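Trainee: Take a look at the letters that make up each chain.
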Amino acid sequence: MEVTMSVNGDDVSQEIEPRTLLVHFIRDHLGLTGTHWGCDTSNCGTCVVWVDDEPVKSCTTLAAMASGHDVRTVEGMEVDGVLDPVQEGFIQCHGLQCGFCTPGMMLTARALLDRNPDPTDGEIREAISGQICRCTGYSTIVRSIQWAAAKERETPVEVGAS
Amino acid sequence: MQVPAPFEYERATSVDHAIALMERLGDEARLVAGGHSLIPMMKLRLATPEYLIDINDLASELGYIRVEGDEVRIGAMTRHRELLESNDLAAVLPIFRDAEKVIADPVVRNRGTLGGSLCQADPSEDLSAVCDAIGASCVIRGRSGERVVSMHDFHRGPYETAVADGEMLTEVRVPIRPHSGSAYHKVERRAGDWAVASAGAAVTMDGDVIADGRVGLCAVGPNLTNIEPISAALSGQAPSEDLYATVGQIAADNATPSTDTRGTAAYKTHLAKELTIRSLRKAVARATGQE
Ligand SMILES: Cc1cc2nc3c(=O)[nH]c(=O)nc-3n(C[C@H](O)[C@H](O)[C@H](O)COP(=O)(O)OP(=O)(O)OC[C@H]3O[C@@H](n4cnc5c(N)ncnc54)[C@H](O)[C@@H]3O)c2cc1C
Ligand code: FES
Ligand code: FES
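Heads up: the protein sequence lines correspond to chains A and B, in order. Just so we're aligned: the first sequence equals residues 1 to 162 in this note's numbering. Just so we're aligned: the second sequence equals residues 1001 to 1291 in this note's numbering.
Just so you know, these hints were derived from the structure itself, not from any lab. Keep in mind that this is a model prediction, so the values were computed, not measured. Ideal Cβ positions, reconstructed from N, Cα and C, are used throughout, including at glycine. Just to be clear, a hint being listed does not mean it is correct.
So the derived label-pair ranges between C-beta atoms look like this [said to hold, decoys possible]: (1) N116(A) - A1091(B): 16 to 26 Å; (2) A1020(B) - M1(A): 11 to 21 Å; (3) D11(A) - D1057(B): 16 to 26 Å; (4) G81(A) - R1156(B): 50 to 60 Å; (5) T1264(B) - Q97(A): 31 to 41 Å; (6) R125(A) - G1069(B): 35 to 45 Å; (7) Y1267(B) - T41(A): 22 to 32 Å; (8) D1212(B) - Q14(A): 51 to 61 Å.
Part of the chain B face toward chain A, derived, beta carbon under 7 Å [unchecked claim]: (9) Q1002; (10) P1004; (11) Y1009; (12) H1036; (13) I1039; (14) P1106; (15) V1108; (16) R1111.
Can you build the whole structure from these sequences, using the hints too?
Mentor: Here is the structure:
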């Protein structure tokens, strides 16, 4: 079957088997290997991507189900060489060690801050509770997300600015 | 790598279209809503449908929470996250927010639906226990029209419901009664996990006594809908710790859990009792304006 979707703003169209999972479509068909593939059982969250502005586990979503929708992966966080504040926060506060969980963590963090620009540590922990990190112990991830939130509150992003 | 067996994919654009597709494709067709129960089963080849009918485009037609008069109507495509976040729903049926806070994790809750949860009918699935406790009924639609069944009739057993081939669940209806309260408690091993055990309770007060009370249990055995002795024990009684303990014991006596990685049968039976007590206590507090 043919699927057509927007991935990080680019329209893509491909012939695929209907059983293709979104995670494999993104990694193997589109070559966007920033999205990781871990537990394969919807538990670890490293495969998280956005479908229409919401984080979803792409190992448990068919590419066919995303057809006609807007998909955003970690590669889409940086725009014109400028890192998303969440990405900067992970650098500043040591939010990663091996980096395996990081793409999913950052996309979930971005979605949280879009809805809640001033989250408590508890709200951050709740937001990332479907995602597993085996390295950091989570504290630095929470700190990284707080760093991004603080930065965004100080320099509000101009809506509609080019 | 887990990948589903081959199937053909169709997308329904309306309830009528979904029903027409089911009729044309026959009993080898399955609906997929959030896919967070079905796709894992397909990846493990526990489910091998020949046709998959995606009903996510029905989110606008069947994704709603309407509090109208003495009834709440919730569309089958309402996602867990919407159930969690709805203040209108929490105001009349706080049990939904209690449960949704501990169902899966926020990312899974973005996809999973009320209809998928009830139709999956996993004995460990929380919303069935919620819907049992609050005396919900289910609207099932097929080619020949619509029928409304109670939760008791909806549940046929583990992974089995009253929804027949060619039919789908479209709506859940819950009566709203004055002086009512509801609550849900779950014990899980870690954030986002399935229940070790959980219990939900709903009561309606008549002055100082409980006019009507129900308890729904989850993960402690199949077919725990509508435990009659519990409703009988609560009816007409004044709320008290002794009453909760008696009812908790009935819940434990009706539980038939198995020992597995989540806990021993004895521990789960203990939880059935304790969580029933806690949920009843809170439901009564809410019904009597103490919370
Ligand atoms: C990691 C993880 C943790 C989870 N933890 C919990 C938990 O703690 N508690 C809990 O209760 N659940 C839990 N779940 C399950 C989750 O809530 C599922 O989303 C839910 O059970 C099924 O909803 P769905 O929309 O994804 O259904 P789907 O997977 O799309 O469908 C499930 C079944 O229902 C059928 N179906 C779907 N919609 C309809 C309809 N409208 N009419 C007729 N048939 C229909 C499908 O054909 C299929 O057979 C968890 C899931 C995951 C992946
Ligand atoms: S690979 Fe998808 S949740 Fe782990
Ligand atoms: S940084 Fe290694 S798993 Fe999170």
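Trainee: Now tell me, hint by hint, if it's right for this structure.
Mentor: Against the structure, the hints come out as follows:
no. : hint                           : result
1   : N116(A) - A1091(B): 16 to 26 Å : holds, 22 Å
2   : A1020(B) - M1(A): 11 to 21 Å   : holds, 20 Å
3   : D11(A) - D1057(B): 16 to 26 Å  : holds, 20 Å
4   : G81(A) - R1156(B): 50 to 60 Å  : holds, 58 Å
5   : T1264(B) - Q97(A): 31 to 41 Å  : holds, 37 Å
6   : R125(A) - G1069(B): 35 to 45 Å : holds, 40 Å
7   : Y1267(B) - T41(A): 22 to 32 Å  : holds, 25 Å
8   : D1212(B) - Q14(A): 51 to 61 Å  : holds, 56 Å
9   : Q1002                          : holds, 5 Å
10  : P1004                          : holds, 4 Å
11  : Y1009                          : holds, 4 Å
12  : H1036                          : holds, 6 Å
13  : I1039                          : holds, 5 Å
14  : P1106                          : holds, 6 Å
15  : V1108                          : holds, 6 Å
16  : R1111                          : holds, 6 Å
Every hint, counting from the list given before, is met by this structure.
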